[in-house]
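Participant: With chain X held as given, fit chain W onto it using these hints.
Residue numbers (our numbering), protein chains in the order written: chain X, 17 to 268; chain W, 1097 to 1762.
These are calculated hints, taken from the structure and not from any lab test. Be a bit skeptical, because a hint or two may be false.
[What the hints assert, rightly or not] Here are the simulated lysine-lysine pairs, BS3-like style, with alpha carbons at most 30 Å apart:
hint: 1; chain 1: X; residue 1: K163; chain 2: W; residue 2: K1470
hint: 2; chain 1: X; residue 1: K22; chain 2: W; residue 2: K1507
hint: 3; chain 1: X; residue 1: K63; chain 2: W; residue 2: K1632
hint: 4; chain 1: X; residue 1: K32; chain 2: W; residue 2: K1680
hint: 5; chain 1: W; residue 1: K1114; chain 2: W; residue 2: K1296
hint: 6; chain 1: X; residue 1: K31; chain 2: X; residue 2: K163
hint: 7; chain 1: W; residue 1: K1762; chain 2: W; residue 2: K1497
hint: 8; chain 1: X; residue 1: K108; chain 2: W; residue 2: K1406
hint: 9; chain 1: X; residue 1: K32; chain 2: W; residue 2: K1618
hint: 10; chain 1: W; residue 1: K1632; chain 2: X; residue 2: K18
hint: 11; chain 1: W; residue 1: K1659; chain 2: X; residue 2: K63
hint: 12; chain 1: W; residue 1: K1680; chain 2: X; residue 2: K64
hint: 13; chain 1: X; residue 1: K163; chain 2: W; residue 2: K1605
hint: 14; chain 1: X; residue 1: K64; chain 2: W; residue 2: K1659
hint: 15; chain 1: W; residue 1: K1102; chain 2: W; residue 2: K1757
hint: 16; chain 1: W; residue 1: K1680; chain 2: X; residue 2: K31
hint: 17; chain 1: X; residue 1: K31; chain 2: W; residue 2: K1608
hint: 18; chain 1: W; residue 1: K1618; chain 2: X; residue 2: K22
hint: 19; chain 1: X; residue 1: K18; chain 2: W; residue 2: K1102
hint: 20; chain 1: X; residue 1: K63; chain 2: W; residue 2: K1680
hint: 21; chain 1: X; residue 1: K64; chain 2: W; residue 2: K1608
hint: 22; chain 1: W; residue 1: K1406; chain 2: W; residue 2: K1296
hint: 23; chain 1: W; residue 1: K1102; chain 2: X; residue 2: K163
hint: 24; chain 1: X; residue 1: K108; chain 2: W; residue 2: K1470
hint: 25; chain 1: X; residue 1: K220; chain 2: X; residue 2: K208
hint: 26; chain 1: X; residue 1: K64; chain 2: W; residue 2: K1605
hint: 27; chain 1: W; residue 1: K1507; chain 2: X; residue 2: K18
hint: 28; chain 1: W; residue 1: K1296; chain 2: W; residue 2: K1111
hint: 29; chain 1: X; residue 1: K220; chain 2: X; residue 2: K121
hint: 30; chain 1: W; residue 1: K1618; chain 2: X; residue 2: K31
hint: 31; chain 1: X; residue 1: K63; chain 2: W; residue 2: K1618
hint: 32; chain 1: W; residue 1: K1507; chain 2: W; residue 2: K1632
hint: 33; chain 1: X; residue 1: K63; chain 2: X; residue 2: K22
[To be verified] Interface residues of chain W toward chain X, partial, derived using beta-carbon atoms under 10 Å:
hint: 34; residue: S1163
hint: 35; residue: D1221
hint: 36; residue: A1231
hint: 37; residue: V1248
hint: 38; residue: F1252
hint: 39; residue: R1255
hint: 40; residue: G1259
Quick reminder that beta carbons are idealized off the backbone N, C-alpha and C, glycines included.
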Amino acid sequence: MKLTLKVWRQASANKKGSFSTYQLDDVSEHMSFLEMLDVLNEQLIAKKEMPISFDHDCREGICGACSMVINGQPHGPMGGTTTCQLHMRHFKNGDTIVIEPFRAKAFPVVRDLVVDRSAFDRIIQVGGFVSVNTGQAQDANAIPVEKDVASQAFDAATCIGCGACVAACPNASAMLFTSAKVSHLGILPQGKVESTRRVQAMVKQMDEEGFGNCSNVTACEAECPKGISVENIARMNRAYIGSVLGSETSVS
Amino acid sequence: MKLEGKVPPGSLGEKWTKFKSTVPLVAPNNKRRIEIIVVGTGLAGASAAATLGELGYNVKCFTFHDSPRRAHSIAAQGGINAAKNYQNDGDSVYRLFYDTIKGGDYRSREGNVHRLAEVSRNIIDQAVAQGVPFARDYGGLLDNRSFGGVQVSRTFYARGQTGQQLLIGAYQALSRQIALGSVQMYNRHEMLDIVKVDGKARGIIARNLLTGEIERYAAHCVVLATGGYGNVFYLSTNAMNCNVSAAWRAVRRGALMANPCFTQIHPTCIPVSGDYQSKLTLMSESLRNDGRVWVPKKLEDAKAIREGKKTGLDIAEEDRDYYLERRYPAFGNLVPRDVASRAAKVACDEGLGVSPTGLAVFLDFAAAVQRYGKSAANVQGIHNPDAATITRLGEKVVEEKYGNLFEMYEKITGENPYKMPMKIYPAVHYTMGGLWVDYNLETNVPGLFALGEANFSDHGANRLGASALMQGLADGYFVIPYTIGTFLSNDIRTPNFDPDGEAFMEAEKAVKDRIEQVLSVKGSQSVESFHRRLGKIMWDYCGMSRNADGLRSARQMVVELRKEFYQDVFVPGSNDEYNPELEKALRVADFMEMGEVMILDALNREESCGGHFREEYQTEEGEALRRDDEFAYVAAWAYTGWDEEPVLHKEELMFENVELKTRSYK
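So here's chain X without its partners, still in its complex pose (with noise of 0.2 Å):
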């Protein structure tokens, strides 16, 4: 199929960025969207062109580091897919695609397409653990937990970090990725001891950090490659409400 892209070009973070159209010719509809971009790129350098940097790693849809805005929608139209999982069959033969990185005030630009996404470490490191150091825990099999109580906590522990819920937002607000987080943890047994604490800490880095608020818009919830629920950000708004006037813990 013969395709023609708008593609978000951007030297650094202090220059000012455009689209730049592309027209590619003999597409396959075997393959995936970033392999498109690859036979691009590939055409770019053959000009001596700077190829378009994305950032990708694992192309199995689990690392993350994939981060693309595709014709408005995080990780391209289809649901539950990550861009590198898209495959072009999805498209149509002269369609035109606009291509964006994630767009956030807390996610600056580095190059074309490629955001930091930093912030996101440093909400895990405030909080998003449990207090254990190696050579400390019990035996595996000492706490039993209810089957559907440990598979509560997958369904949020299966975040990838991509960042497509604060591209999605409206407020580029961070709640989804860090309810799962919050709740990952808070529902398992082994990390209830310090969700308290957690919660505080983790949302107020999440506002430091200059991620907008949370007003119930979901679109998180319908961009998020892995599917995790808004379920998650109501469960930490009970968790934050609870711990900052129903216990003594206190950060600041």
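Facilitator: Chain W in isolation, oriented as in the chain X frame:
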């Protein structure tokens, strides 16, 4: 050079316990003065950096990713082995040890492997304490499944995302140490050289990938946890950015590369579909618990399927050859990876392949759907269920077990694997070879350690499924924190090293020269095109089966390709910017040197064992023919540069507990 494994004396079961009780320690007040560099943040690197930080060392940790959580351990699907014997099915530390030695075709060190089996149990405890949501049964206790090459259920799993959950656990432990200040994290920094001072590893040179700045970092020792070299083959299940450069730069500074020809070809991957293909996707080995592998018995049926005139569903039961069940009745579809891969190749070479390229076999879940469907109907009290009900209930059970894998298969191929049998073909997946290390995980360069897939130590000539996660975490959480004391206890009075010292400046200059060299060629071919050509040479001549003539000509081709690279590669942009093409160029340059050593090693090893199959050495039935009298050794290669022939050093393997037998899964 005499290579000493340094396996402690004593009986097999006591070696590690005694070692731990007698290893020299570094006191807490001295740990605070000691700096350690950890390169890589996969399971091995993240767990090592976190644990060393917890112990009180000052750790600097490097990754080329934008976040430590993106390391490729995250993509591991099926599970992690541990000798917990929670299923009461006869498992034990010794059995895990024995399975691993046998699975590795008797080419690994007994002492190392037994230690791995011992600490496997601690890993599960640790992961659960961190909040890793492993699968559980209705009683709330941990569930297990089976993997290839074993007859017990010892694999712990978190749906098809076990690697992700374990890596997130290690990443969170690492994040905690970053917040506490014991680990300083350097994202988007790629290690480009090792710095040696007085023969010991004392630092690294790294490129800040955002700015291109070349930076010098000093420490008392350096730990490499930088993964394997599967991407030498261009197409593999590795992530796009996986590379051998950190390990290879260590080799260029004197470390030895051990058993590089031992590469694992995984039997169940989604077949190649076109020339533009950038990588291959694994379908977890866990699928072979329930999937049956087959090809048509008749050549004309296979041809009709390839031409799209028939599908797998059109082939009657009696016209199918479930060749693994036929050839290996004891293990059936769960034979080890090397055996399953070669059998698939044999079937396709005979013209029985089922994809348009002729390179695919079926992995069929119809029988499992029926079996589970009947059982589920029974549980629900449905007597005499009709076929549609059985199928519906059975598909639901299969979905619970493998849902995300089936979904991924459908996304990539556009075919529904619940209805049509999957098509699969072997692909490069893992590398058993790696930097030579002793029992302490220390290379022959003092102060330079290698963990996880980056070292060669535990899997011999073939790794069993669900053992990579086990080894990465064993090395990082439970081995290096002890063994690093053997080196550092002599360094408690050594002041911090000056990154402006002579050795650092010299290494920095060497890196800058190398970058300048690839940038200044300004030829006409892309880095990618060279990588693709290298991959094809390696796959054709040093892949699933190898012979002396092919290997000799392949070596010549790789040498020629390398020359051409430095005459005609085009790398756009400059060093002073975010430039992924430049990163790739440096990596491909190293792959081309590594490829040559892999070929040499394959040529030298005149036997077939594990993932290394030399056509000249096979039994009449086409099974691998090992030659223990001559080749029961670790082949460790020194490589100093293009002008000198790589030098082979041998470490003889001692088997005091296990009797060397022909590996049989029949």
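Participant: Determine for every hint whether it applies to the structure shown.
Facilitator: Verification of the hints:
| no. | hint | verdict |
| --- | --- | --- |
| 1 | K163/X to K1470/W | 23 Å, holds |
| 2 | K22/X to K1507/W | 25 Å, holds |
| 3 | K63/X to K1632/W | 25 Å, holds |
| 4 | K32/X to K1680/W | 27 Å, holds |
| 5 | K1114/W to K1296/W | 27 Å, holds |
| 6 | K31/X to K163/X | 52 Å, violated |
| 7 | K1762/W to K1497/W | 28 Å, holds |
| 8 | K108/X to K1406/W | 28 Å, holds |
| 9 | K32/X to K1618/W | 28 Å, holds |
| 10 | K1632/W to K18/X | 29 Å, holds |
| 11 | K1659/W to K63/X | 23 Å, holds |
| 12 | K1680/W to K64/X | 16 Å, holds |
| 13 | K163/X to K1605/W | 57 Å, violated |
| 14 | K64/X to K1659/W | 22 Å, holds |
| 15 | K1102/W to K1757/W | 25 Å, holds |
| 16 | K1680/W to K31/X | 25 Å, holds |
| 17 | K31/X to K1608/W | 27 Å, holds |
| 18 | K1618/W to K22/X | 28 Å, holds |
| 19 | K18/X to K1102/W | 62 Å, violated |
| 20 | K63/X to K1680/W | 18 Å, holds |
| 21 | K64/X to K1608/W | 23 Å, holds |
| 22 | K1406/W to K1296/W | 63 Å, violated |
| 23 | K1102/W to K163/X | 45 Å, violated |
| 24 | K108/X to K1470/W | 43 Å, violated |
| 25 | K220/X to K208/X | 19 Å, holds |
| 26 | K64/X to K1605/W | 28 Å, holds |
| 27 | K1507/W to K18/X | 22 Å, holds |
| 28 | K1296/W to K1111/W | 27 Å, holds |
| 29 | K220/X to K121/X | 17 Å, holds |
| 30 | K1618/W to K31/X | 26 Å, holds |
| 31 | K63/X to K1618/W | 12 Å, holds |
| 32 | K1507/W to K1632/W | 26 Å, holds |
| 33 | K63/X to K22/X | 18 Å, holds |
| 34 | S1163 | 5 Å, holds |
| 35 | D1221 | 4 Å, holds |
| 36 | A1231 | 7 Å, holds |
| 37 | V1248 | 17 Å, violated |
| 38 | F1252 | 8 Å, holds |
| 39 | R1255 | 7 Å, holds |
| 40 | G1259 | 8 Å, holds |
Violated hints, listed in ascending order, are 6, 13, 19, 22, 23, 24, 37; each of the other numbered hints is respected by the structure.
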